[in-house]
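K.L.:
Listed in order, the protein sequences are those of chains A and B. Take the position in the first sequence, starting the count at 1, then add 304; the result is the number in our numbering. Take the position in the second sequence, starting the count at 1, then add 1; the result is the number in our numbering.
Please note that a few of the clues may not be correct.
As the list claims (entries may be wrong) - Cβ-to-Cβ under 10 angstroms is the rule here; a few derived chain B residues that face chain A:
hint	residue
1	Ala39
2	Leu49
3	Val70
4	Asn134
5	Gly162
6	Lys188
Said to hold, decoys possible - From the derived model, a few chain A residues whose C-beta atoms are all more than 12 angstroms from chain B:
hint	residue
7	Thr495
8	Gln496
9	Tyr547
Hints in this document: simulated from the structure, not taken from any laboratory. Quick caveat: nothing in here was measured; it's all calculated off a predicted structure. All C-beta atoms, glycine included, are put in the ideal place defined by N, C-alpha and C.
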Amino acid sequence: MPDSPLPPWWGPAPFDERDLDAVLSSETADIPVALRPVADALAALQAAPMPAELRGQAMIMAEFRALAEFRAAGLGKDGRIGDTRPTLVLSVPREGPARRRAPRHRARRRAAPVASRRAGALIGAAATAIVLAAVVLAGNVSGPFHRVGSSSASTPSAPRHAGGNSSSPKVEGSASQEPTARPTAGGSATTQQSKGSRLCHAVYDIVKDSGSSARGKQEMSSLSSLLRQLSKLAGGSRQLPGYCAQFLGDLFPDGTLPHIPGLGDQGTGSSQAGQDNQGALAHL
Amino acid sequence: MPIFLRADAFSTDTQHVVGEDFAVVLAAAQGGSEDAFAVLWRDANPALLRYLRVVASEHADDVAAETWVQVVRGLPRFAGDESAWRAWLFTTARRRLLDQARVRRRHPTEPLDEITAADVPRTVDAEQLAMENIATESAMALLSRLPEQQAEVILLRVVAGLDTEVVADMLGRSPGAVRVAAHRGLKRLAALLTGAGVTL
Numbered sequence: 305m306p307d308s309p310l311p312p313w314w315g316p317a318p319f320d321e322r323d324l325d326a327v328l329s330s331e332t333a334d335i336p337v338a339l340r341p342v343a344d345a346l347a348a349l350q351a352a353p354m355p356a357e358l359r360g361q362a363m364i365m366a367e368f369r370a371l372a373e374f375r376a377a378g379l380g381k382d383g384r385i386g387d388t389r390p391t392l393v394l395s396v397p398r399e400g401p402a403r404r405r406a407p408r409h410r411a412r413r414r415a416a417p418v419a420s421r422r423a424g425a426l427i428g429a430a431a432t433a434i435v436l437a438a439v440v441l442a443g444n445v446s447g448p449f450h451r452v453g454s455s456s457a458s459t460p461s462a463p464r465h466a467g468g469n470s471s472s473p474k475v476e477g478s479a480s481q482e483p484t485a486r487p488t489a490g491g492s493a494t495t496q497q498s499k500g501s502r503l504c505h506a507v508y509d510i511v512k513d514s515g516s517s518a519r520g521k522q523e524m525s526s527l528s529s530l531l532r533q534l535s536k537l538a539g540g541s542r543q544l545p546g547y548c549a550q551f552l553g554d555l556f557p558d559g560t561l562p563h564i565p566g567l568g569d570q571g572t573g574s575s576q577a578g579q580d581n582q583g584a585l586a587h588l
Numbered sequence: 002m003p004i005f006l007r008a009d010a011f012s013t014d015t016q017h018v019v020g021e022d023f024a025v026v027l028a029a030a031q032g033g034s035e036d037a038f039a040v041l042w043r044d045a046n047p048a049l050l051r052y053l054r055v056v057a058s059e060h061a062d063d064v065a066a067e068t069w070v071q072v073v074r075g076l077p078r079f080a081g082d083e084s085a086w087r088a089w090l091f092t093t094a095r096r097r098l099l100d101q102a103r104v105r106r107r108h109p110t111e112p113l114d115e116i117t118a119a120d121v122p123r124t125v126d127a128e129q130l131a132m133e134n135i136a137t138e139s140a141m142a143l144l145s146r147l148p149e150q151q152a153e154v155i156l157l158r159v160v161a162g163l164d165t166e167v168v169a170d171m172l173g174r175s176p177g178a179v180r181v182a183a184h185r186g187l188k189r190l191a192a193l194l195t196g197a198g199v200t201l
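For reference, chain A alone in the conformation it holds in the complex (with noise of 0.2 angstroms):
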């Protein structure tokens, strides 16, 4: 640098931009002086590599030689020169069988007319009474009518609840009718029997009477609410024969079962149930 009294912003520029474009395009052949270190500074930032500038080399090969092998492999398939797709490329999964079915609209539930499902209840009702009336009749219900039968007249029979049915029948026998108490809202356990008899014997008249075409409407409502009323004693429908087996046994004292055109002499009843069939029915 040459010795100047002046100082160094004194005077005309050590170099310019045309200066600094040749060194930036390693044109430094005629470049000022003051610009020769920066030369040669960005010279050394291009020389030859450094060893651990060569370290990965075995990494990236390994790379390119695996996606090489991949493409070779999918050229031999389709025969695209060149196939660019480094990777696989899923199918779109066909609808099927397998698919989650559109789920059904609510709606259409909660629209069921009320009137279908109190024709289900009826209906059903009506099956689980003809069951019950089967069961009790065809005398398949065993023990409590063989102990009826054998011990007629100490058991009390409980004021039939007729929904409806003005007629209440009879019963026959040396048994004595005992007026039960009125069902209180707590329920004692003595109360709850003499209710689920009231409603066995009520279910059994209608029942008993449903061959009549004139009535069969009005009395498959009764039934209706008394076997749901039953249900709920016997701990559900299912338990109503054996709940009501109880119950109506004290309809037949004589251990006698009534008649059921059709049906014959019923099983489990003394020797005498075939011969006052026709009394015990008439009486019930």
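Start from chain A and add chain B according to the hints.
P.N.:
Showing chain B alone in chain A's frame:
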């Protein structure tokens, strides 16, 4: 006399050169030739590492590795001359750098301890190589003292060998702004070298 990467004379550890034969080498690499790809890699990776070590010193190796993985995957789709090839390489590196910076901001990590130079067994040849590499390391350290934008422009212009227009396109700036940044960087380098009395 300095040795330039793009000149015919290359280091003694390879007999392949890139320049006029770039198109041939590229086509071979795209066809699956490992040797051809090795030429491309050995030609460009040192410049790439030097660029990354100035702009992202701690994560240069990771970014470089990710960059080359992307390049390998996209190699069959590339089309262009050597200038376009370098532009694509450094653009990919820059994008990976930005992605890594974004990830590091979300999940900051502590780098593991690296092997220090004292742990590496030294030989006479290693000493000589270290002396020869001092100039390169010193130049990179000098550029690290510049503002980030000025250093990046100088590296892309000089180390990557890209034109002003290409650099402007990469950085999203005008060619004039790139030129101004480069000139300011060189002036600051001159001041640093002259004021410190450092010679390379």
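K.L.:
A separate judgement is required for each hint: does it hold in the structure or not?
P.N.:
Quick rundown of the hints versus the structure:
Using the Cβ-Cβ criterion of 10 angstroms, the hint placing B/Ala39 at the interface with chain A is satisfied: the shortest such distance is roughly 7 angstroms. Given the 10 angstroms rule on beta carbons, the hint for B/Leu49 holds: about 9 angstroms separates it from the nearest Cβ of chain A. Interface hint at B/Val70: satisfied, since its Cβ lies 6 angstroms from the closest Cβ of chain A, which is below the 10 angstroms cut-off. This hint holds: B/Asn134 has a C-beta 5 angstroms from the nearest C-beta of chain A, less than the 10 angstroms allowed.
Against a cut-off of 10 angstroms between C-beta atoms, the interface hint on B/Gly162 holds, since the closest Cβ of chain A lies about 8 angstroms away. Interface restraint check: B/Lys188 against chain A, minimum CB-CB distance 7 angstroms, threshold 10 angstroms, status holds. Look at A/Thr495: its CB is around 74 angstroms from the nearest CB on chain B, clear of 12 angstroms, so calling it non-interface holds up. Every Cβ of chain B is farther than 12 angstroms from the Cβ of A/Gln496; the closest lies at roughly 71 angstroms, confirming the non-interface assignment.
No beta-carbon of chain B comes within 12 angstroms of the beta-carbon of A/Tyr547; the shortest separation is about 71 angstroms.
Of the numbered hints stated above, none is contradicted by the structure.
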